[in-house]
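Each chain is listed here by its residues.
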Amino acid sequence: TQLLEQSPQFLSIQEGENLTVYCNSSSVFSSLQWYRQEPGEGPVLLVTVVTGGEVKKLKRLTFQFGDARKDSSLHITAAQPGDTGLYLCAGAGNNDMRFGAGTRLTVKP
Amino acid sequence: DAMVIQNPRYQVTQFGKPVTLSCSQTLNHNVMYWYQQKSSQAPKLLFHYYDKDFNNEADTPDNFQSRRPNTSFCFLDIRSPGLGDAAMYLCATRPDRGSGQPQHFGDGTRLSIL
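Protein chains in written order, with our numbering: chain A, 156 to 264; chain B, 2 to 115.
One thing to keep in mind: the hints can contain errors.
The calculated lysine to aspartate or glutamate pairs, modelled on EDC-like cross-linking and capped at a C-alpha distance of 20 Å, are [stated by the list, open to error]: (1) Lys-39/B <-> Asp-226/A; (2) Lys-39/B <-> Asp-108/B; (3) Lys-45/B <-> Asp-251/A; (4) Lys-211/A <-> Glu-196/A; (5) Lys-214/A <-> Glu-170/A; (6) Lys-45/B <-> Asp-63/B; (7) Lys-39/B <-> Asp-54/B; (8) Lys-45/B <-> Glu-196/A; (9) Lys-39/B <-> Asp-52/B; (10) Lys-45/B <-> Asp-238/A; (11) Lys-45/B <-> Glu-193/A; (12) Lys-225/A <-> Glu-160/A; (13) Lys-212/A <-> Glu-196/A; (14) Lys-39/B <-> Asp-97/B; (15) Lys-212/A <-> Glu-172/A; (16) Lys-39/B <-> Glu-196/A; (17) Lys-39/B <-> Glu-172/A; (18) Lys-39/B <-> Asp-78/B; (19) Lys-53/B <-> Asp-251/A; (20) Lys-45/B <-> Asp-108/B; (21) Lys-45/B <-> Asp-60/B.
No lab work stands behind these hints, which were simulated from the structure alone.
Computed from a prediction, not measured in an experiment: that's the story for all the values here.
Go ahead and model the full structure; you've got the sequences and the hints to work with.
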């Protein structure tokens, strides 16, 4: 079983601060996805990274895939209350997708 | 427009009473997944269909069954729900099983057991 570990599990910060969450595994993934999930809703895809060392930016969010394709990070610049939610990383194989336990982010105004 | 639709959004059933959750998709994706998500936990894969080919996870209880009558629809049947089955159930689709293809999720069905 390919396990994904996310850290930190919980993060509470003030509006305007920067933060980084991590997703680590001992396994190599063909691709990795980041999702954000709000209470009572399904996960919404933020980004897919495929190539080792790849960096993708989505407004204030920067995603990086490790060179060995075993880990990834999500950096948020100048966090806003609207960024509050559960951030999930998921590693994709050919047949299925495995999720990390998530990072629950709270951004206080 | 919703592309993966789960019904109902909220379902209440009695202990031991069979319940069926439904999922439909307008994406014409080959692969459909069912996940169970409990509070503050990651989604746990129960099973998936690749076209008509059913793939069960080794640790999915026999109490959970699934049907996919056509490309668009997939059902999750819980034959005898127990209190521990109360959770959010998420349906997801994927174009194919190739790498780099993300999943698209519905909004889930929250199941409560009385």
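Hints, verified against the model:
1. Lys-39/B <-> Asp-226/A: violated, 25 Å
2. Lys-39/B <-> Asp-108/B: holds, 14 Å
3. Lys-45/B <-> Asp-251/A: The given pair, whose Cα atoms are some 11 Å apart, holds under the 20 Å limit.
4. Lys-211/A <-> Glu-196/A: Violated, at about 25 Å.
5. Lys-214/A <-> Glu-170/A: Holds: Lys-214/A and Glu-170/A sit about 16 Å apart, inside 20 Å.
6. Lys-45/B <-> Asp-63/B: Within the cut-off at roughly 15 Å; holds.
7. Lys-39/B <-> Asp-54/B: violated, 27 Å
8. Lys-45/B <-> Glu-196/A: holds, 16 Å
9. Lys-39/B <-> Asp-52/B: violated, 27 Å
10. Lys-45/B <-> Asp-238/A: violated, 24 Å
11. Lys-45/B <-> Glu-193/A: OK: Lys-45/B and Glu-193/A at ~17 Å, within 20 Å.
12. Lys-225/A <-> Glu-160/A: Holds - the C-alpha atoms of Glu-160/A and Lys-225/A are around 11 Å apart, at most 20 Å.
13. Lys-212/A <-> Glu-196/A: It is violated: about 24 Å lies between the C-alpha atoms, which goes past 20 Å.
14. Lys-39/B <-> Asp-97/B: Answer violated: Lys-39/B to Asp-97/B is near 27 Å, above 20 Å.
15. Lys-212/A <-> Glu-172/A: Distance of about 18 Å is within 20 Å: holds.
16. Lys-39/B <-> Glu-196/A: This hinted pair holds, its Cα atoms lying about 13 Å apart.
17. Lys-39/B <-> Glu-172/A: Measuring from Cα to Cα gives roughly 30 Å; hence the hint is violated.
18. Lys-39/B <-> Asp-78/B: holds, 18 Å
19. Lys-53/B <-> Asp-251/A: Distance ~16 Å between Lys-53/B and Asp-251/A Cα, so the pair holds.
20. Lys-45/B <-> Asp-108/B: holds, 15 Å
21. Lys-45/B <-> Asp-60/B: Holds, because 10 Å separates the two Cα atoms, which is no more than 20 Å.
Taken one by one, the earlier hints fail for this structure at numbers 1, 4, 7, 9, 10, 13, 14, 17, listed in ascending order.
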